[in-house]
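As numbered in the working numbering, residues 3 to 241 make up the sequence shown, in order.
Calculated directly from the structure, the hints in this document are not laboratory data.
From a predicted model like this one, the values you see are computed outputs, not experimental measurements.
A virtual CB, placed ideally from N, CA and C, is assigned to each residue, including glycine.
Warning: the hint list may mix true and false statements.
[As the list claims (entries may be wrong)] Cβ-Cβ distance ranges computed for the label pairs, FRET-style:
hint, residue 1, residue 2, range
1, THR49, GLN145, 15 to 23 Å
2, ARG35, ARG115, 19 to 27 Å
3, HIS196, ASP54, 24 to 32 Å
4, GLU128, THR49, 31 to 39 Å
5, ALA154, LYS198, 46 to 54 Å
6, ARG85, MET111, 44 to 52 Å
7, PHE22, ARG69, 21 to 29 Å
8, ALA188, GLU53, 53 to 61 Å
9, PHE22, ALA154, 17 to 25 Å
10, ALA165, PRO105, 34 to 42 Å
11, ALA189, LEU106, 37 to 45 Å
12, PRO146, PHE22, 32 to 40 Å
13, THR119, ASP182, 29 to 37 Å
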Amino acid sequence: MDHLEERANLPPEQPQPAAFGELQRRVDDLDNRGRRHNIRVRGMAETEGLEDLRTTLSEAFCMVLGRSQSELIPMDRVNRALRPKPPPTAPPRDIICCLPDYPLKEKIMAKARLSRTWAFGERSLEFYQDLAPFTLAARRCLQPVTQALRQADTPYRWGFPFALAALKDGVRYTISHPADVPTFMAAMELPVLHVKDWESETRGGAPFEPPAARRRRPRDRGRRSRDRALMPPEPPVAI
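Let's have the full structure, built from the sequences with the hints guiding it.
In structure tokens form, the structure reads like this:
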């Protein structure tokens, strides 16, 4: 019994960075799976209302597919990015739309990747796959690596859960965590690069601290207090 009490009074163990990073990748993968049907559209003016957005986006998707703009592209949801509305001089917020037809959504994205921007009326639109914030932060940190791969004419691709993969002499090399970068660069015969630790960046760079244990009041004390409150007052004692 004394041994159990001693263990209960010990501070909780700190999770290992590698285990925490792998947990982040798994949670990030679940987040991206929930966004598989989403397309993020950039460049649509803030002045357009929700119903106008549905019509305009349907016409824009038909334009990308080379279809008649009179066709209707079904969408489950259409909303602006969840942040405050910018001033009139700032770029508009992105639009996230959810298409229930996944093969159709993939056709739109395959066509949209053929050009960085698409002229649509007076607008210049960009189309992106909607990705989790962790994925976007990790890809930004790996921009020096992808730039070096492009300069070396080495094709690469992104994977899920988060990974960057490339082939060298028929062997596939992958970056899943920041610690994988030096080995990956050596295998690709590329110069060593400094890359930010995106796993620390996304959690603010601070070590994981478990929440402090809450002090619990003994049940007996609370029950006695309630019992005393319910008891009738004692009659005065005659002197």
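We went through each hint and held it up to the structure:
1. Distance hint check for THR49 and GLN145: the Cβ-Cβ separation is about 33 Å, which falls outside the suggested range of 15 to 23 Å.
2. Range check, ARG35 to ARG115: Cβ separation about 21 Å, and the 19 to 27 Å hint holds.
3. Judged by the Cβ atoms, the range 24 to 32 Å given for HIS196 and ASP54 is violated: they are separated by roughly 46 Å.
4. Separation of GLU128 from THR49 is about 19 Å and departs from the stated range, judged on CB atoms against 31 to 39 Å.
5. Under the hint 46 to 54 Å, the C-beta atoms of ALA154 and LYS198, about 21 Å apart, miss the expected range.
6. At about 24 Å, the CB distance of ARG85 to MET111 disagrees with the hint of 44 to 52 Å.
7. PHE22 and ARG69 have their C-beta atoms about 47 Å apart, which leaves the hinted 21 to 29 Å range violated.
8. A beta carbon spacing of about 55 Å between ALA188 and GLU53 agrees with the range 53 to 61 Å that was offered as a hint.
9. For PHE22 and ALA154, the hinted distance range of 17 to 25 Å is not satisfied, since their beta carbons lie about 32 Å from each other.
10. Take ALA165 and PRO105: their Cβ atoms lie about 25 Å apart, and the range 34 to 42 Å is violated.
11. Taken as a hint, the range 37 to 45 Å holds for the pair ALA189 and LEU106, whose Cβ atoms sit roughly 39 Å apart.
12. The beta-carbon spacing between PRO146 and PHE22, approximately 24 Å, falls outside the hinted interval of 32 to 40 Å.
13. For THR119 and ASP182, the Cβ-Cβ distance of about 33 Å falls inside the hinted range of 29 to 37 Å, so the restraint holds.
Going down the numbered hints, you'll see the structure goes against 1, 3, 4, 5, 6, 7, 9, 10 and 12, while the others check out.
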